[in-house]
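**Student:** Here is how the chains run, residue by residue.
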Amino acid sequence: MSGGALATDTDLTSLGAEFADSVRDEAADWDARGELPAGVRLAAAGAGLLGADLPVRHGGLGATPAQLGEACARVGGVCSALRGLITVQSMVAAALLRWGTAEQRERWLPPLARGELLAAFAATESEAGSDLAAVTTTVEEQGDAYRITGVKRWITFGDVADVFLVLGSAGGRPATVLVEADRPGVSREPVRGQLGMRAAQLAHVRFDGVRVPRENAVAPPGFGLSHVVGTALDHGRFTVAWGCVGMAEACLDAAAAHAVRRDQGGVVLAEHQLVRSLLGRAAVDSRAARELCLRAARLREAGDPDALAETVAAKYAAARAATDVAGSAVQVLGAAGCAPDSLVGRCYRDAKVMEIIEGSALVSELHIADHLLRAHGHRPGGRRPQREEGPR
Amino acid sequence: METPNQTDAATAADVTDELSAFLIRNLGQELGPDDDYFALGLVNSLFAMELVNFVEQRYGIEVGVDDLDLDNFRTLGRLREFVLTKADRGAAA
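Keeping their order, the protein sequence lines are chains Y and F. Counting in the working numbering, the first sequence runs from 1 upward without gaps. Counting in the working numbering, the second sequence runs from 393 upward without gaps.
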């Protein structure tokens with residue numbers, strides 16, 4: 001790559017490694033406090049993590065999908081909230097890179113890559129989770145401006161975001177608009193104490209007749225869901241999937257290390273067959289998840305149309321692996337796994353959230369089957385989810 | 393990105409056959425040039441982006457925001473015209 005002062009290829013293969021190590025001892029505290037310190041965002045940007053896969057000309061590092069994925073695994077194994085920061089920032093960036101105008105890319109992508117602006121993805125509503133076609137937020141044309149009205153829920157980093165990519169309805173057509181957080185009519189209600197991702201500064205965000213200029217619209221009305229949100233969610237699934245691989249692998253390591261050292265009644269846990277069985281299953285789950293994520297990365301790099309469906313499958317499998325392996329790790333670690341600062345305990349809570357966001361496990365199963373059946377000429381009957389999504 | 397099929401080889405007949413094969417592979421049925429697979433409800437939520445990725449990968453074209461008109465994508469015939477026009481423009485550039 002021709003990055004000049006930017007990262008070399010060698011750097012990209014270890015992208016995020018040093019940074020993840022540097023914050024390893026702080027993540028439990030962030031989780032307990034329910035926030036990432038403001039400086040961490042800039043540090044993540046400085047490590048190249050907020051625009052890693054953006055082209056160099058837009059301020060990124062030009063990382064391949066596999067390089068971005070490995071970075072998300074490294075960070076995910078340390079702190080899911082921090083991986084969530086990478087996810088939301090890169091979801092919005094991916095949507096703008098793909099469907100923004102030249103002016104929009106020039107205006108938004110470099111500050112997003114540098115971490116000067118924090119973006120959030122505002123699609124979910126109280127009655128529109130897995131079925132995002134049901135959003136009721138309105139996007140009204142008013143001369144040279146749009147007027148946005150609605151309430152978005154469970155927005156990751158919504159409490160501190162500088163700009164929201166909002167999905168609404170423009171006269172019945174799905175429309176996406178960038179809304180800066182400092183515009184009159186934007187208000188946020190922080191969410192704290194949720195099951196997992198506690199440092200991800202979630203918020204419910206209200207848009208009360210917020211006026212934005214026409215140039216904030218991303219793609220023409222009608223393409224907001226299928227193309228703009230479709231691109232963002234696809235990217236989000238990919239980074240979430242890799243974050244889950246990192247969680248599963250970190251939990252497997254912790255469980256194996258504990259099993260070797262922990263002695264009860266003169267026998268180390270590793271000598272118990274039931275413990276070995278748990279570890280064996282966890283090892284296979286982790287490796288299978290990693291291989292599916294690598295497969296998705298290869299297809300994405302090739303621009304293969306199957307990359308979308310294979311990313312759904314990878315995310316589904318990796319979230320399940322993270323949930324199962326974290327659960328086994330907590331079991332093996334016992335009380336140590338239940339301690340307030342336990343990595344595996346935190347992963348256990350965070351992993352379950354990963355089975356809900358960016359396509360719940362149940363909806364993912366429907367979509368994977370749908371894709372299979374579609375190729376055999378099955379016509380979907382009745383009303384079905386247009387788009388899988390969860391609290392984000 | 394791979395561009396296995398250069399513009400000069402991308403005759404209308406080739407493009408029609410390839411697009412038709414893609415639709416059969418993904419929608420499980422043969423479609424006429426004017427069948428609107430979106431209106432017929434044959435597609436799911438991933439299909440619109442799969443279609444974009446396919447024409448980009450296969451023909452080395454870039455689908456951007458200015459191309460977002462459902463009339464470019466909704467039938468085999470319109471999709472073929474879109475691909476040929478984009479490929480021509482790319483070759484002329």
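Calculated from the structure, these hints are not laboratory results. We put the CB at the ideal spot given by N, CA and C, even for glycine. Possibly wrong hints are sitting among the right ones.
Said to hold, decoys possible - Rough simulated footprint, nothing fancy, chain F against chain Y, three-plus residues with beta-carbon under 8 Å: (1) 26-38; (2) 229-240; (3) 307-315; (4) 329-335.
What the hints assert, rightly or not - Quick partial rundown of chain F residues pointing at chain Y, CB under 10 Å, derived from the structure: (5) L434; (6) V447; (7) T467; (8) E473; (9) F474; (10) L476; (11) T477; (12) R481.
**Student:** Min Cβ distance, L476/F to chain Y: is it shorter than 10 Å?
**Tutor:** violated, 19 Å
**Student:** Against chain Y, run the beta carbon of R481/F and see if the smallest gap drops under 10 Å.
**Tutor:** Violated, about 16 Å.
**Student:** Taking 10 Å as the limit, does the beta-carbon of V447/F come near enough to a beta-carbon in chain Y?
**Tutor:** OK, holds: V447/F within 10 Å of chain Y, min 9 Å.
**Student:** Does L434/F meet its interface restraint, that is, does its C-beta lie within less than 10 Å of any C-beta in chain Y?
**Tutor:** OK, holds: L434/F within 10 Å of chain Y, min 6 Å.
**Student:** Does the CB of T467/F sit less than 10 Å away from some CB of chain Y?
**Tutor:** violated, 16 Å
**Student:** Against chain Y, run the beta carbon of T477/F and see if the smallest gap drops under 10 Å.
**Tutor:** Status violated, d = 19 Å.
**Student:** The region 229-240 of chain Y covered by chain F? Criterion: 3 or more residues, Cβ-Cβ distance below 8 Å.
**Tutor:** holds (count 3)
**Student:** Please verify the coverage claim for the region 26-38 of chain Y: does it have three or more residues whose C-beta sits within 8 Å of some C-beta in chain F?
**Tutor:** Violated - the region 26-38 of chain Y has 0 residues with a Cβ nearer than 8 Å to chain F, which falls short of three.
**Student:** Tell me if E473/F is really an interface residue toward chain Y, meaning its C-beta lies closer than 10 Å to one of theirs.
**Tutor:** violated, 19 Å
**Student:** For the region 329-335 of chain Y, do three or more residues have a beta carbon lying closer than 8 Å to a beta carbon of chain F?
**Tutor:** violated (count 0)
**Student:** Counting residues of the region 307-315 of chain Y that have a beta-carbon nearer than 8 Å to any beta-carbon of chain F, does the count reach 3?
**Tutor:** holds (count 4)
**Student:** Can you verify the interface hint for F474/F: is its Cβ closer than 10 Å to any Cβ in chain Y?
**Tutor:** violated, 15 Å
The structure does not agree with the numbered hints 1, 4, 7, 8, 9, 10, 11 and 12 stated previously, though it agrees with the rest.
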